[in-house]
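Novice: One letter stands for each residue in the lines below.
Protein chains: 2
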Amino acid sequence: MRKIFLCLFALPMMVQAQSTSDSTTIKMMSDEIMRNGKAYDLLRELTKDIGGRLAGSPQQQNAAIWGKRHMESFKPDQVFMQACKTPNWQRGGKDFSAVVAADGKAMIDKLEVLALGNSLSSNGLVEADLLAVANFDELEKRKDEVKGKIVYYHSQFDPTNIQTFKSYGEAGAYRRAGASRAAKYGAVGVMIHSLSTAPDNSPHTGTMVYDEAYPKIPAVAVGPNDAKKLWNQSRNKQLRVQMQTYGFFLPDADENNVVAEIKGSEFPNEIITIGGHLDSWDVNEGAHDDGAGIVQTMEILRTMKALNYKPKRTIRFVLFANEENGMRGGNKYAELAKQNNEQHVFALESDAGGFTPRAIGISATSPEQFKKFQQWASLLKPYGTEITAGGGGADIGPLKNVNTSIVLAGLVPDSQRYFDLHHAKTDVFENVNKRELLLGAVNMAAIVYLIDQYGTKF
Amino acid sequence: MRKIFLCLFALPMMVQAQSTSDSTTIKMMSDEIMRNGKAYDLLRELTKDIGGRLAGSPQQQNAAIWGKRHMESFKPDQVFMQACKTPNWQRGGKDFSAVVAADGKAMIDKLEVLALGNSLSSNGLVEADLLAVANFDELEKRKDEVKGKIVYYHSQFDPTNIQTFKSYGEAGAYRRAGASRAAKYGAVGVMIHSLSTAPDNSPHTGTMVYDEAYPKIPAVAVGPNDAKKLWNQSRNKQLRVQMQTYGFFLPDADENNVVAEIKGSEFPNEIITIGGHLDSWDVNEGAHDDGAGIVQTMEILRTMKALNYKPKRTIRFVLFANEENGMRGGNKYAELAKQNNEQHVFALESDAGGFTPRAIGISATSPEQFKKFQQWASLLKPYGTEITAGGGGADIGPLKNVNTSIVLAGLVPDSQRYFDLHHAKTDVFENVNKRELLLGAVNMAAIVYLIDQYGTKF
Chain A
244 MRKIFLCLFA
254 LPMMVQAQST
264 SDSTTIKMMS
274 DEIMRNGKAY
284 DLLRELTKDI
294 GGRLAGSPQQ
304 QNAAIWGKRH
314 MESFKPDQVF
324 MQACKTPNWQ
334 RGGKDFSAVV
344 AADGKAMIDK
354 LEVLALGNSL
364 SSNGLVEADL
374 LAVANFDELE
384 KRKDEVKGKI
394 VYYHSQFDPT
404 NIQTFKSYGE
414 AGAYRRAGAS
424 RAAKYGAVGV
434 MIHSLSTAPD
444 NSPHTGTMVY
454 DEAYPKIPAV
464 AVGPNDAKKL
474 WNQSRNKQLR
484 VQMQTYGFFL
494 PDADENNVVA
504 EIKGSEFPNE
514 IITIGGHLDS
524 WDVNEGAHDD
534 GAGIVQTMEI
544 LRTMKALNYK
554 PKRTIRFVLF
564 ANEENGMRGG
574 NKYAELAKQN
584 NEQHVFALES
594 DAGGFTPRAI
604 GISATSPEQF
614 KKFQQWASLL
624 KPYGTEITAG
634 GGGADIGPLK
644 NVNTSIVLAG
654 LVPDSQRYFD
664 LHHAKTDVFE
674 NVNKRELLLG
684 AVNMAAIVYL
694 IDQYGTKF
Chain B
244 MRKIFLCLFA
254 LPMMVQAQST
264 SDSTTIKMMS
274 DEIMRNGKAY
284 DLLRELTKDI
294 GGRLAGSPQQ
304 QNAAIWGKRH
314 MESFKPDQVF
324 MQACKTPNWQ
334 RGGKDFSAVV
344 AADGKAMIDK
354 LEVLALGNSL
364 SSNGLVEADL
374 LAVANFDELE
384 KRKDEVKGKI
394 VYYHSQFDPT
404 NIQTFKSYGE
414 AGAYRRAGAS
424 RAAKYGAVGV
434 MIHSLSTAPD
444 NSPHTGTMVY
454 DEAYPKIPAV
464 AVGPNDAKKL
474 WNQSRNKQLR
484 VQMQTYGFFL
494 PDADENNVVA
504 EIKGSEFPNE
514 IITIGGHLDS
524 WDVNEGAHDD
534 GAGIVQTMEI
544 LRTMKALNYK
554 PKRTIRFVLF
564 ANEENGMRGG
574 NKYAELAKQN
584 NEQHVFALES
594 DAGGFTPRAI
604 GISATSPEQF
614 KKFQQWASLL
624 KPYGTEITAG
634 GGGADIGPLK
644 NVNTSIVLAG
654 LVPDSQRYFD
664 LHHAKTDVFE
674 NVNKRELLLG
684 AVNMAAIVYL
694 IDQYGTKF
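Residue numbers (our numbering), protein chains in the order written: chain A, 244 to 701; chain B, 244 to 701.
I should point out that these hints are in silico values taken from the structure, not numbers from a laboratory. Among the hints, erroneous ones may be present.
Identical chains blur together in the list; that is why a pair holds if it fits in one copy or across any two.
As the list claims (entries may be wrong) - Below are the EDC-like pairs computed for lysine to aspartate or glutamate, each with C-alpha atoms no more than 16 angstroms apart in a straight line: (1) Lys409 - Asp274; (2) Lys270 - Asp401; (3) Lys643 - Asp372; (4) Lys337 - Asp525; (5) Lys427 - Asp497; (6) Lys471 - Glu315; (7) Lys480 - Asp346; (8) Lys386 - Asp525; (9) Lys427 - Glu388; (10) Lys624 - Asp265; (11) Lys668 - Asp525; (12) Lys471 - Asp401.
Just so we're clear, the structure is a prediction, and the values are computed from it rather than from any experiment.
The task is simple: from the sequences and hints, build the whole structure.
Specialist: Structure, rendered in structure tokens:
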């Protein structure tokens, strides 16, 4: 295209009058980030020099050291580590599955699969007839057929939900609980349709949980194309499948949350937290999940120091050690907050990808408080976001148990592309856009600035 | 990330009550497009089977035949061609530029360059001292130094504009007019910083126009990384550069607009047009620009027929022959509209990429009319867009000369990624996301449906 916008007239905007200094400060922060932002270069280092960062891995430990070194270079008042035990799950080998002939001797279709995080080894090759079910309802109806079978759940995303997180929530139940619900009726293995929106065949891993009451059977996610093929073939005939996985746990690992802090000048005891998580799955670079949240957090620290911004409240920039398969980072941070009688007033998480930002989602403690936050809407609008109700994140969630009046918030990026690559090998640096990543940091900086200036009590 | 949204309460929304049937129809269209949409598969064919489609090229002609065949398969009331002469610019060879030693004998740095569209051959290798200027102001101040030089404009994007089209508008003046403004003072060649937001080195072509009063000197865009290096080096010393281009024009080509039509049942004489353009630059697949607009247009036709929607007004689905370097497609469409006394009431263009949609931009003919359109905002909101003032497109613009009361509109996708790849070799199918592309079609279908139901006069 060459030229497109003809603006014939501008309507008067019905917005709250806002302080010029607020919009000026936010514009300064935005200009600094969009012009001189380091988040993209930091993400290149984190993903390319360090790589995938499963909790307990050497890469995860290197990432914490890397984060500490960079945050120290931005000269906050202090940077410290919080020691934190994390799970140490090992994939253990190259996960395998295939459709085979009825006698098991010939391979018909090799399937692209990944064992689900925290799932255990199949202890050798498992071979069984396949029971393919659309959902848990069908499983329950056919529970008498389950024994000795490998169960496949056709847990594909509902493409009609415009908010992809809704589909993720619906289909996600099969990844989390599918194994034990099938094991309850005697299944010997479980396969799910990858929780994916992509028109490709990359399998998507992600955490699962065994119910201790039932055998811990192996569990894999099948690549979307293979999964659809498997489902279609299973409509016409009895399939026989093999699977082999290798998962096991080493003893818990010694990891760290990394915390940088700028002390507040007026209300140093009121703490604002911004954060993302350092760990990722093993099969990718964790670029969007959650390298983006990590480098956006670091970018805001860099920007505040570059602009010599002196916050009224204490601002913490937290690189959480472990979210994916254990939530240990956020739990440790909250545990120490409680132990130290810290007064946490606001926390903001970025853990939904480094895509173009659409909203700051805020879980206010009352409708009245939320209305106050919404009066800032016109300050964020020029940067592409609105203020929406409901928001937070897995890492900051535990702070609610420390202070019930804390306001939790989350960056809400556009969600259309996230589940193409979430937990799949395609979550790599090349799939992050520099401007989108930086613009997320701009909006995070803006809301943190406003909370710092005005607090959460009105 | 695992789970993020805690919605503690929902605020009552202050929205206009809307007809349930409108929201139901729009939801049906959305579900059909998001579940069964063919736009992505069509785009794969257009980009991979046909490829780049410069006006006058065999590929452009093939694309028209391809579009006609597919639209016919969707069974509108009719599909017809509108014969249209287009420019037939040929790049003619592999554009070249390099920084060389003062005596011209040794090459110091080969530069990634692309000749600008419609620019002419250098007629052999041009070698001259470089005059690097920040902008036209500096050119005017230094006009006495220009004679015999190759002028470089440091026309880089301002990264601080959140709306990238603003930066494109500012920097675009150098691509369009830079050559003749330098030729006026005796320059022998022109180079510009590519109109790009990407942190890469791909040069971006695009149309330029010679002022007939001055010599038609060669003009190239330099890849962003090379351009920045050239600029920095030029601060310290006199650079000498070579350039060679091969552009020429063949006689105008015979192309076609492709028009599918569903006849209106109540107001058949009121015509609504939806469209994009078939042509692209030669160096890429024209996936976003404007393959996306083409396949979205076709998708809406497919969807309306699949849902057996009977429009009140006549709806035209137009694949315009030529926009990039001649605007001949839109001009021909308007010329025939005038000739046939057609009554065009609304036109919607998609030519800003297949990215996640943010708005439908509408150039209403009065503030009162715009307010009426804005009452539909709550119907579009669930699909991610708002209704904003100002919108249209190069292909539908000429319809304003046929009917001054026509309402022009444009799909406004998120603009952060567009100028990374616009007119560069990176505008390929792989950089289009299926859900984002389809969601654009959903929002286009929604606004066309509302205009069809209620017209533009209230």
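Novice: Check each numbered hint from earlier against the structure, then list the numbers of those it violates in ascending order.
Specialist: 3, 5, 6, 8
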